[in-house]
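Student: Dock chains G and X against chain D, hints included.
Protein chains in written order, with the working numbering: chain D, 2 to 269; chain G, 56 to 337; chain X, 6 to 294.
Derived from the structure by calculation, the hints contain no laboratory data.
Here the structure is a predicted model, which means the values were calculated and not measured.
Heads up, a few of these hints could be off.
To be verified - Now the stretches of chain G that chain X is said to cover, found in silico as 3 or more residues with beta-carbon under 8 Å: (1) 100-110; (2) 232-243; (3) 295-301; (4) 304-314; (5) 322-328.
Stated by the list, open to error - Pairs of lysine-lysine residues, derived as DSS-like cross-links and limited to a Cα-Cα distance of at most 25 Å, are as follows: (6) X:K215 to G:K293; (7) D:K178 to X:K116; (8) G:K293 to X:K183; (9) G:K110 to G:K58.
Using N, Cα and C, we set each Cβ at its ideal position, and we do this for glycine too.
Each chain is listed here by its residues.
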Amino acid sequence: MLKDITLGQYFPMDSVVHKMDARYKIIITLLFLVMLFWGQHLTSLIAGLIFVIIATVCSKIPPKMIVKSIKPIVPILIVTGLLNLFMLDGGKTYFAWKFIKITEQGVQTSIFMLVRICLLIAGTSLLTYTTSPIVLTDAIESLLSPLKKLKMPVHELAMMMTIALRFIPTLIEETDKIMAAQKARGADMESGSLIQRAHALIPILIPLFVSAFRRAEELALAMECRCYHGGEGRTRLRELKSGMRDYIALAFTILLFAAVIVLNILLH
Amino acid sequence: MEKLITIENAHFSYPAADENAKPVEVLKGISLEFEHGELVAVLGHNGSGKSTLAKLLNAVLLPTEGKVTVTGIDTKEEDKLLEIRQHVGMVFQNPDNQIVATTVEEDVAFGLENIGVPSAEMRVRVDQALQAVGMYEYREHAPHQLSGGQKQRVAIAGIIAMRPDCIVLDEPTAMLDPQGRKEVMRTIRLLNRDYGITVILITHEMDEAAQCDRVIVVDHGEVRMDAKPEKVFSHVQKMRAIGLDVPQPTELCDLLRQAGYDLDPEIMTPEACAEAVAKLFQ
Amino acid sequence: MPILEAKNLTYTYSIGSPFEKTAIDHIDLQIEQGDFVGIIGHTGSGKSTLMQMMNGLLKPTEGTVLLDGKDIWEKGADRRAVRFQVGLVFQYPEYQLFEETVYKDIAFGPKNMGLDEKEIDRRVRGTAEVVGLSEELLEKPPYALSGGQKRRVAIAGVMAMEPKVLILDEPTAGLDPKGRTTILTQLSAYQKRTGCTVMLVSHSMEDVAKYVSKLLVLSHAKIVCYDTPSNVFARGDSLEEMGLALPQITRVFHGLRARGIDFPDEVYTVKYGAELLLKALAERGGRSC
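Just chain D, same shape as in the assembly (with noise of 0.2 Å):
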């Protein structure tokens, strides 16, 4: 059934990371983005390992459940790797047929691509998992509101993307209640050509549309009612606060860049 995909991909838990302010770990996550490509460099795919354990351990997130995030990608890393594996041409030739050849080079970039792609989503992941969306969107807000003063809606994107999490929901339940009503009145969605199911799915979008439509609107009534005139003197329930522990991170990220920095060129 729709009701049951979890959406958001939060595990709420007590842990450090947990706690830290969303800013601070979007900033790192950004960092740790910016390192993972920089250079190409054995280092830097090592200072990115060494991130993820040490991340992963203080989520206190099962690496279950980081591996459990690789999985959907599979199918691109083996088209990346095997791309890249007969793609390259360069140093020792392990193996030749015909057109195909596989080089050390290849090899070596082809490794180098994947366990940098498996970095990058298990390093974004644990920021999904640790923060709440609600959290993530509020953080997003703060980051950018330098743009407001380019009158960018910075403001009214995160409340839209606030109203889309707390509404996904409830139209996901009322989808599952189409359905079975016209279903009742023997709609048949399961058997036909791919038009005809297309055709199908007529009676379902509809009225799914026409009752967002009317939620939106009477949401709309109800924001006002509730005094809601954008984002100008807005104070916010949940401030965000940064302290120690979220100083410590960035220290920690910032520091392993620069070992990065200094040792690819040391070792060029």
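Tutor: The following block gives chains G and X in isolation, referenced to the frame of chain D:
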């Protein structure tokens, strides 16, 4: 003392659908006054104009003719809009479509955030409001994990956190099961009694109106009756003609009275009815 | 032979997960042809699950449903055909309207049955009349109708499939007293005219009591009782313990009984109550004069 809300000869028409049609007049000259601390039901069937009347009370709609004032402020004063809405909060029928945030406490805080309450004070007011409606234990729940009655209590908490003088509830129980109805009615009676908040309950359920101190019957955009519930329901035929129910005990007594038996026309509860009928047998 | 029968019927949600919940727990039930059954029970008692199993929308975890003595979950059974014979009207059915005219929306079910144009036309017009929708409304888009009218369009959409059993989940939810009476009277008339079986889920004892011939009370996934309204209301206290409110008129007569004025019958309509009292008072008056 100044009246909380006054409505003077208010008319309201929705604009015509096309050029040839006439505008639809929904309210035809309504005059009412609401005092501080009242528990009032506005009773009417669907299309009687009761919801439109509710929307005049916090300047969601402005009367096309006549005047509405809230604590002395004319609702037409556009720059006082936020002030008016802090005086008069509103709860709507569909509990799902008025909850904005993804957790209960964030939603209760929504109004306070809008009017710029500092976050430390907000924390206190959110917690108090949640305790007042008995939803404090659920403060970290997501709205879709709650029952209809609980969601409606969260919506009420979101309003009372703003410390309004008055809450207008527009058919707050229409989509709830009996359990949810009980919860909501208990909550609003408590808010009225213990916190002195004026409650204006828009409803078509006679049993809910019977729990209020004053019942205003609206029909075809006009006020037909305005009295205490016992008095209003004693007009059994008139209520029927309007398309509204009366409590079954009142109806029973009315049938017996028509047959010539002497019974108080203002009996509403089963207990009082049994008592009075038993006397006939003595 | 009962028209619809549940045998050892069970349904468990999310088996094996921490949210596992048995919504219907080994129920046996026989619905006779022509009965008008009211189903009451508080939210979460399993009413909706039971209804959806009765027309094959939900597959029972255990047990089965027999329609006309045939197991609807038998291998090779046509479940789509079952849904045409056991019509199900969901709560707030007006939210499922989607066609551009009322006519087309009512015709959706019959069209899915593969009927010819002429038969569809007969059914659409016939049911529109049953639920009191005038001819000119049929060509209007559903959104142009009032809430009560939309509700009746949706009900007509299921009636037009001419099911042997019509099941409705709270058809009066959210309507005002007049709207409620309209729908319930029309349903009652439809049931009398077609002689079909109707099952009606409702929260309002007072509404249900006036129309149904039998009451099914559900609580915590089990059947508490299935009997005539009079016999069900006789167990007043146990109903109130379940959080189900008795009709107020029944409580008046329980109050009278406590005061030593007893009537053999349970009273659940005002009209009948007044009749009983007037007769008793007249007899008394006759004696005392």
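Student: Each of the hints needs a verdict: does it hold here or not?
Tutor: Verification of the hints:
no.: 1; hint: 100-110; result: holds (count 3)
no.: 2; hint: 232-243; result: holds (count 4)
no.: 3; hint: 295-301; result: holds (count 3)
no.: 4; hint: 304-314; result: holds (count 6)
no.: 5; hint: 322-328; result: holds (count 3)
no.: 6; hint: X:K215 to G:K293; result: 22 Å, holds
no.: 7; hint: D:K178 to X:K116; result: 21 Å, holds
no.: 8; hint: G:K293 to X:K183; result: 14 Å, holds
no.: 9; hint: G:K110 to G:K58; result: 18 Å, holds
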